[in-house]
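Engineer: Build the full structure now, drawing on both the sequences and the hints.
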Amino acid sequence: MTRRTRIVMIISILIVMLVGAFVYYTLYNKPHIDVAKSSPNISIASNTIVNDFEEDENRANVKYLEQIIEVTGTIIETSITNGKGVVVIGAADTFGSIMCHLSHEENEKIWTLNKGQQITIKGICTGYLMDVILVKCVIVD
Amino acid sequence: MKPIHILLYFFLSTTFTFGQSKYLTKQGYTSFFSSSPVEDIKADNHQVLSIIDSSTGAIAISILMKSFMFEKSLMQEHFNENYVESDKFPKATFKGEIQGLQDLNTGQQEVTIKGNITIHGVTQTIETKATVNKTDEAISVNGSFPVKVADFGIKIPAVVVNNIAEVVEVTFELDHKPYIK
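If you read the sequences in order, they're chains A and B. Heads up: the first sequence begins at 523 in the working numbering, then just goes up one per residue. Heads up: the second sequence begins at 6 in the working numbering, then just goes up one per residue.
Do not take every clue at face value.
Cβ-Cβ distance ranges computed for the label pairs, FRET-style [unchecked claim]:
| hint | chain 1 | residue 1 | chain 2 | residue 2 | range |
| --- | --- | --- | --- | --- | --- |
| 1 | A | M539 | B | T128 | 45 to 55 Å |
| 2 | A | I529 | B | K93 | 29 to 39 Å |
| 3 | A | V545 | B | N87 | 14 to 24 Å |
| 4 | B | Q113 | A | D556 | 24 to 34 Å |
| 5 | A | A543 | B | I185 | 52 to 62 Å |
| 6 | B | K77 | A | I537 | 21 to 31 Å |
| 7 | B | G112 | A | E576 | 11 to 21 Å |
| 8 | A | M531 | B | D156 | 29 to 39 Å |
No lab work stands behind these hints: they were computed from the structure. Just so it is clear, CB atoms sit at the ideal spot from N, CA and C, and this is done for glycine as well.
Structural biologist: Set out below in structure tokens:
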């Protein structure tokens, strides 16, 4: 093996290692989904998604979990607990509702919302407890 | 309808015998913390549902696995897909009793909580100390306990075995308010 080929080999190994480290680093630091900048996977009325979960939770889980969902409905309640804003959407006469946990950036907007107002909100669905839960929510309209 | 729901509805629909006895939170907090030589991993969940019956001390908790938020999205992905398999097991639950809750006076005190915890489809009995703060308008329950990952059939691949602790610390802060239907 000549001196030249040895140097070429060492350099290529170094390059491969660097690329590997770079890929690993970018993968490891892959950012979270930015809900504000992403278009929704599903746009839906609040009643429809609540009914879907009440009827068949397992099927609804498959359909909605980890999706960016844009829901439209009426505000039943707004609250702030430990500095975290929550908007509850639904119809006053039904049992089920949607709890939208606002993202950190949107938190302040809670003060501009009123009970009874129509709202469109976008967030990531994490499941169904007594309500459908959306997290990292951003107010659309 | 899953058993936990039947239980929850049962809790909520039973008639009140001694005035207000059901306390609830939909925004309870729980976190887990894994410390290893390579890295520390923490995840927070602010969407915990917990219901207490103050006349018996019974407590029922329901947690969505997908609501655990990690600093790195890759960790969150691995947690959901490889470890707790949250598509197959979307919830963790706890059903148990805060011993002697009905006899407590208002104020802060230490209690023992005993019951069954289900994670990743595996149920284990646990007993832990917790701090209860009882006032006229609220019952808060705070504490932490260790969870051995292997006890719940969660397998950690050999490649990352140094990144994840065998025993993770679970912390909870549940601030219950009277439940008004």
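Engineer: It remains to establish, for every hint, whether it holds in the given structure.
Structural biologist: Here is how each hint holds up against the structure:
As the Cβ distance of M539(A) to T128(B) is approximately 46 Å, the hint placing it in 45 to 55 Å holds. Checked against the given bound of 29 to 39 Å, the beta carbons of I529(A) and K93(B), roughly 53 Å apart, lie outside it. A hinted range of 14 to 24 Å for the beta carbons of V545(A) and N87(B) is consistent with their spacing of about 20 Å. Checked against the hint of 24 to 34 Å, the C-beta distance between Q113(B) and D556(A) comes to roughly 41 Å, which is inconsistent with it.
Checked against the hint of 52 to 62 Å, the C-beta distance between A543(A) and I185(B) comes to roughly 57 Å, which is consistent with it. Checking the proposed 21 to 31 Å range against K77(B) and I537(A) shows it holds: the Cβ atoms sit about 27 Å from each other. In this structure the hint that G112(B) and E576(A) lie 11 to 21 Å apart at CB is violated, the actual value being about 40 Å. Between M531(A) and D156(B) the Cβ separation comes to about 49 Å, which falls outside the hinted range of 29 to 39 Å.
Consistency with the previously given hints fails for numbers 2, 4, 7 and 8, ordered from lowest to highest.
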